[in-house]
Amino acid sequence: MPSRSHTIDISIAVSNLLGVDHLTRVNCSLYHNDAENEKWEHLATTSPSVVFSRNVDFEERISFKFVFEKTQLMKIDIFRLHDGATASSSDDLIGSCIFKVDELIGSFGLHIRRSLL
Numbered sequence: 002m003p004s005r006s007h008t009i010d011i012s013i014a015v016s017n018l019l020g021v022d023h024l025t026r027v028n029c030s031l032y033h034n035d036a037e038n039e040k041w042e043h044l045a046t047t048s049p050s051v052v053f054s055r056n057v058d059f060e061e062r063i064s065f066k067f068v069f070e071k072t073q074l075m076k077i078d079i080f081r082l083h084d085g086a087t088a089s090s091s092d093d094l095i096g097s098c099i100f101k102v103d104e105l106i107g108s109f110g111l112h113i114r115r116s117l118l
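In the working numbering, the protein residues as written are 2 to 118.
In case anyone wonders, no lab produced these hints; they're calculated from the structure.
The model shown is predicted, which means the values in this text are computed figures rather than measured ones.
Glycine residues also receive a C-beta, built at the ideal position from the N, C-alpha and C atoms.
Wrong hints could be hidden among the right ones.
Claimed, not checked - Restraint ranges, calculated between C-beta atoms of paired labels, are given here:
| id | residue 1 | residue 2 | range |
| --- | --- | --- | --- |
| 1 | Arg5 | Glu60 | 25 to 33 Å |
| 2 | Leu19 | Thr72 | 29 to 37 Å |
| 3 | Asp103 | Arg26 | 28 to 36 Å |
| 4 | Arg115 | Asp35 | 18 to 26 Å |
| 5 | Ser54 | Cys98 | 16 to 24 Å |
| 6 | Ser50 | Asp93 | 31 to 39 Å |
| 7 | Phe69 | Glu39 | 31 to 39 Å |
Unchecked claim - Calculated pairs, PhoX-like style, for lysine-lysine (alpha carbon to alpha carbon, straight line, at most 25 Å):
| id | residue 1 | residue 2 |
| --- | --- | --- |
| 8 | Lys66 | Lys101 |
| 9 | Lys40 | Lys101 |
| 10 | Lys40 | Lys71 |
| 11 | Lys66 | Lys76 |
| 12 | Lys101 | Lys71 |
| 13 | Lys40 | Lys66 |
| 14 | Lys76 | Lys40 |
| 15 | Lys76 | Lys101 |
Modelling step: build the complete structure from the supplied sequences, incorporating the hints.
Written out as structure tokens, the structure reads:
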């Protein structure tokens, strides 16, 4: 029986980041949830390759093991940075989005677009 799990590499980019000025530094945290325990688990945090911009490409690719025919959720949080450290208060959360991993796997070109809320 073939394996039902595979590892994918996820890269994250944000376009036209609103609500921040050009000097704001940001960080991205990625969480996953297998929808069974309903608890978000931190997967990774990555920094942007260009520090001061509204169009942000985060430099690290994040590996994730997904399982076919199992609901797995991903959450991306974009935070302001203060003195090089990720802020922890909700005031520093710029936005977040949630998507199903199978939406990414089944999408054309393996890309999905989501608005930050």
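Hints versus structure:
Taking the beta carbon of each, Arg5 and Glu60 are about 31 Å apart, inside 25 to 33 Å as hinted. Leu19 and Thr72 have their C-beta atoms about 30 Å apart, which keeps the hinted 29 to 37 Å range intact. Separation of Asp103 from Arg26 is about 33 Å and conforms to the stated range, judged on CB atoms against 28 to 36 Å. With their beta carbons about 20 Å apart, Arg115 and Asp35 fall inside the hinted range of 18 to 26 Å.
At roughly 19 Å, the beta carbons of Ser54 and Cys98 sit within the given window of 16 to 24 Å. Restraint check, Ser50 to Asp93: a C-beta distance of roughly 21 Å breaks the suggested window 31 to 39 Å. Look at Phe69 against Glu39: about 21 Å separates their beta carbons, and that is not inside 31 to 39 Å. Under the criterion of a C-alpha separation no larger than 25 Å, the hint pairing Lys66 with Lys101 is consistent with the structure, at around 13 Å.
The suggested pairing of Lys40 with Lys101 holds, with an alpha-carbon distance near 15 Å, which does not exceed 25 Å. The hinted pair formed by Lys40 and Lys71 meets the criterion: a straight-line CA distance of about 16 Å does not exceed 25 Å. Simply put, Lys66 and Lys76 have alpha-carbon atoms about 15 Å apart, close enough for the 25 Å limit, and the pair holds. Note on Lys101 and Lys71: the hinted pairing holds, with a Cα-Cα distance of about 10 Å set against a maximum of 25 Å.
With a C-alpha separation of about 17 Å, the suggested pair Lys40 and Lys66 falls inside the 25 Å cut-off, and the hint holds. Distance restraint check for Lys76 and Lys40: the Cα-Cα separation of roughly 11 Å lies within the 25 Å cut-off, and the hinted pair is therefore satisfied. Between the alpha carbons of Lys76 and Lys101 the distance comes to roughly 9 Å, so the proposed pair stays at or under 25 Å and holds.
Hint compliance for this structure: hints 6 and 7 are not met, and every other hint is.
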